[in-house]
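Novice: Here's the letter readout for the chains.
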Amino acid sequence: MSYSRADGLTDGIFTKLADIWIRRGYTRYRVSRFEEYDLYAKNRSFITGSAILTFTDTDGRLMALKPDVTLSVIRNTVPSPALRKLYYCENVYRAADPSSGFSEIRQAGLECIGPLGLFDVCEVITLAARSLAALSGRYILDLSHLGLLGGFLEDAGIDPALRPELLRLAGEKNSHEARALLARNGVSPHIAGLFDTMIHLRAPLEEAAARLSALPLGENAAQALSELARVARALRGIQGIYLDLSLRSDERYYEGVVMRGYIPGVPSPVLSGGRYDGLMRRLHKEAGAMGFAVYLNLLERMLPAPEALDADVLILHDGADPEGLMRKVSALEAQGVRVRADRAVPEGLRYGKLLRYDGGEVHE
Amino acid sequence: MNDMLNVALPKGRLGDKVYALFEKAGYGCDDIADPGRKLVFESPEHGVRYFYVKPSDVAIYVERGAADIGVAGKDILLEYAPEVYELLDFGVGKCRMCVCGRPDFRDDPSRTLRVATKFTRITRDYYAALGRSIDMIHLNGSIELAPILGLSDVIVDIVETGATLRENGLAVLAEVCGISARLIANKVSYKFKYEAVTALASRLHDRIEVTQ
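Protein sequences appear in the order of chains A and B. Taking this note's numbering, I'd label the letters of the first sequence as residues 1 to 364. Taking this note's numbering, I'd label the letters of the second sequence as residues 365 to 576.
For reference, chain A alone in the conformation it holds in the complex:
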């Protein structure tokens, strides 16, 4: 496999990200390319896209090419009063949707596992913001607290059967259908209006928390808001962090703070993460956990347009005088000219000037 311009870009970015994470005491975590399939089979919906590449190992065990890193990290977590702070950069293998086939996806990220407190949550969010800043001068880190919208629906006494559809519509910022659904189910226009306000609220985090506190929220939503407001105060001064309650994450795995990061020019989130205490419980681990992943493969779009020419000068020669040709090519190279020597014009090569080497000299 050849080393592409995209590989060079992602290597460079990972070095920058790792430098940010190392400064907060995160250590490199390496995983093998394979894992027992059983780990993923039990938590399939945690992994984006359901298809996993499997094979039978020499001892008969069904193995998978790793579609995700977080599950492996958790599996190897042992109870400890101290936090595990890890970062990784690995290739994962999965099919985003059945029609697209399998892809090798380069993913970097960090995980903070253990007895998490407010400081640790804020530190992970801070590192997410700094990671985005390392990718682009302009970035947006959207934050939400899953307990806010969920708590609001519970406080308002909305039928739990409606909850998945309402949260889906919230994810689309789809006011018209959410209002119609609530009206069909006898929910008051006042509650529908509050739901609408919440899914469309978009403001810097602290300002958004203040605006939410002015709404008549019930006990569950107010508790989530109180947590979010503390996070907002602790993050004061960090630019680019917004509240967006329309963010969706699978509530079987995630709870509390979730986040997505965006940079201009890439049409989908380049960073995704949040608190996944629910996943920890499903894997029988008594600890909190929070982390995020940066999708390095999406950053290929940041590559500048390729050079118009493959070589500034193409020198054709007959191979009779290698010493003399070496001197001429080196002299041109020393002038900053990209030079290619060949015996014939290569098919498809884009070059500036065509020269011929003959009798110890180059001629046009």
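Source of the hints: derived by calculation from the structure; they are not laboratory data. Some clues are possibly wrong.
Stated by the list, open to error - Listed next, with one range per pair, are the computed distances between beta-carbon atoms:
{"no.": "1", "chain 1": "A", "residue 1": "Ile191", "chain 2": "B", "residue 2": "Ala563", "range": "26 to 36 Å"}
{"no.": "2", "chain 1": "B", "residue 1": "Gly514", "chain 2": "A", "residue 2": "Leu53", "range": "36 to 46 Å"}
{"no.": "3", "chain 1": "A", "residue 1": "Leu53", "chain 2": "B", "residue 2": "Glu539", "range": "33 to 43 Å"}
{"no.": "4", "chain 1": "B", "residue 1": "Thr484", "chain 2": "A", "residue 2": "Leu53", "range": "21 to 31 Å"}
{"no.": "5", "chain 1": "A", "residue 1": "Leu9", "chain 2": "B", "residue 2": "Ala563", "range": "31 to 41 Å"}
{"no.": "6", "chain 1": "A", "residue 1": "Gly8", "chain 2": "B", "residue 2": "Ser420", "range": "29 to 39 Å"}
{"no.": "7", "chain 1": "A", "residue 1": "Ala41", "chain 2": "B", "residue 2": "Arg401", "range": "33 to 43 Å"}
{"no.": "8", "chain 1": "A", "residue 1": "Leu53", "chain 2": "B", "residue 2": "Asp367", "range": "39 to 49 Å"}
To be verified - The following residues of chain B were derived to be distant from chain A, with all beta-carbon distances above 12 Å:
{"no.": "9", "residue": "Arg377"}
{"no.": "10", "residue": "Lys388"}
{"no.": "11", "residue": "Phe405"}
{"no.": "12", "residue": "Ser420"}
{"no.": "13", "residue": "Asp421"}
{"no.": "14", "residue": "Ser497"}
{"no.": "15", "residue": "Gly505"}
{"no.": "16", "residue": "Ile512"}
{"no.": "17", "residue": "Leu529"}
{"no.": "18", "residue": "Ser544"}
Here the structure is a predicted model, which is why all the values come from computation and not from measurement. Here a beta-carbon is modelled for each residue, glycine too, at the ideal position from N, C-alpha and C.
On the provided structure of chain A, position chain B as indicated by the hints.
Specialist: Here is chain B on its own, set in the frame of chain A:
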């Protein structure tokens, strides 16, 4: 240039109808009246750039960020479930997604129902919600032929006036959902062009309310 809003409109009658709403909302573009061979129409004074694409491709242009916003039918949004925001219901291009078949068709729950359709996801979700097992037959066109020739028991398709069904001796047996044109936005564009997108959506919303 990138600060302009790129708007993907569906080619055809629906595109003309919704463009008229954009124009009335204050986002007109003189070039569209005289398109010639142009594919892209810019209105720098209103900060918008329009282009017309196949209706079923609008959601792809928006999801992939080639367009910041676009107008797509609800049938396309339900069928392809793109990762986009759905900001408005234009209330135009109204029709229904329906289960159709021979008027005397009676479903026999002891047999697997054979359903022909272009809209496999919508059909699968509809019958899954009913708990009905089906044999899905994916067709690309002339769906009405399927029950006539015995290829399927019923079809799931868009019904506008019902004239084609009637002419072929078919009838609507059940309505799956209503369809109309929706304003959609790329999620990243929505964030980086928030003021422009929300101002446009708000002015369109006001215009739609006046029209309705």
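Novice: Compare the structure with each hint and give your call.
Specialist: Hints, one by one, checked against the model:
{"no.": "1", "hint": "A/Ile191 x B/Ala563: 26 to 36 Å", "result": "holds, 27 Å"}
{"no.": "2", "hint": "B/Gly514 x A/Leu53: 36 to 46 Å", "result": "holds, 41 Å"}
{"no.": "3", "hint": "A/Leu53 x B/Glu539: 33 to 43 Å", "result": "holds, 42 Å"}
{"no.": "4", "hint": "B/Thr484 x A/Leu53: 21 to 31 Å", "result": "holds, 25 Å"}
{"no.": "5", "hint": "A/Leu9 x B/Ala563: 31 to 41 Å", "result": "holds, 36 Å"}
{"no.": "6", "hint": "A/Gly8 x B/Ser420: 29 to 39 Å", "result": "holds, 38 Å"}
{"no.": "7", "hint": "A/Ala41 x B/Arg401: 33 to 43 Å", "result": "violated, 55 Å"}
{"no.": "8", "hint": "A/Leu53 x B/Asp367: 39 to 49 Å", "result": "holds, 43 Å"}
{"no.": "9", "hint": "Arg377", "result": "holds, 22 Å"}
{"no.": "10", "hint": "Lys388", "result": "holds, 19 Å"}
{"no.": "11", "hint": "Phe405", "result": "holds, 22 Å"}
{"no.": "12", "hint": "Ser420", "result": "holds, 15 Å"}
{"no.": "13", "hint": "Asp421", "result": "holds, 15 Å"}
{"no.": "14", "hint": "Ser497", "result": "holds, 21 Å"}
{"no.": "15", "hint": "Gly505", "result": "holds, 20 Å"}
{"no.": "16", "hint": "Ile512", "result": "holds, 30 Å"}
{"no.": "17", "hint": "Leu529", "result": "holds, 27 Å"}
{"no.": "18", "hint": "Ser544", "result": "violated, 10 Å"}
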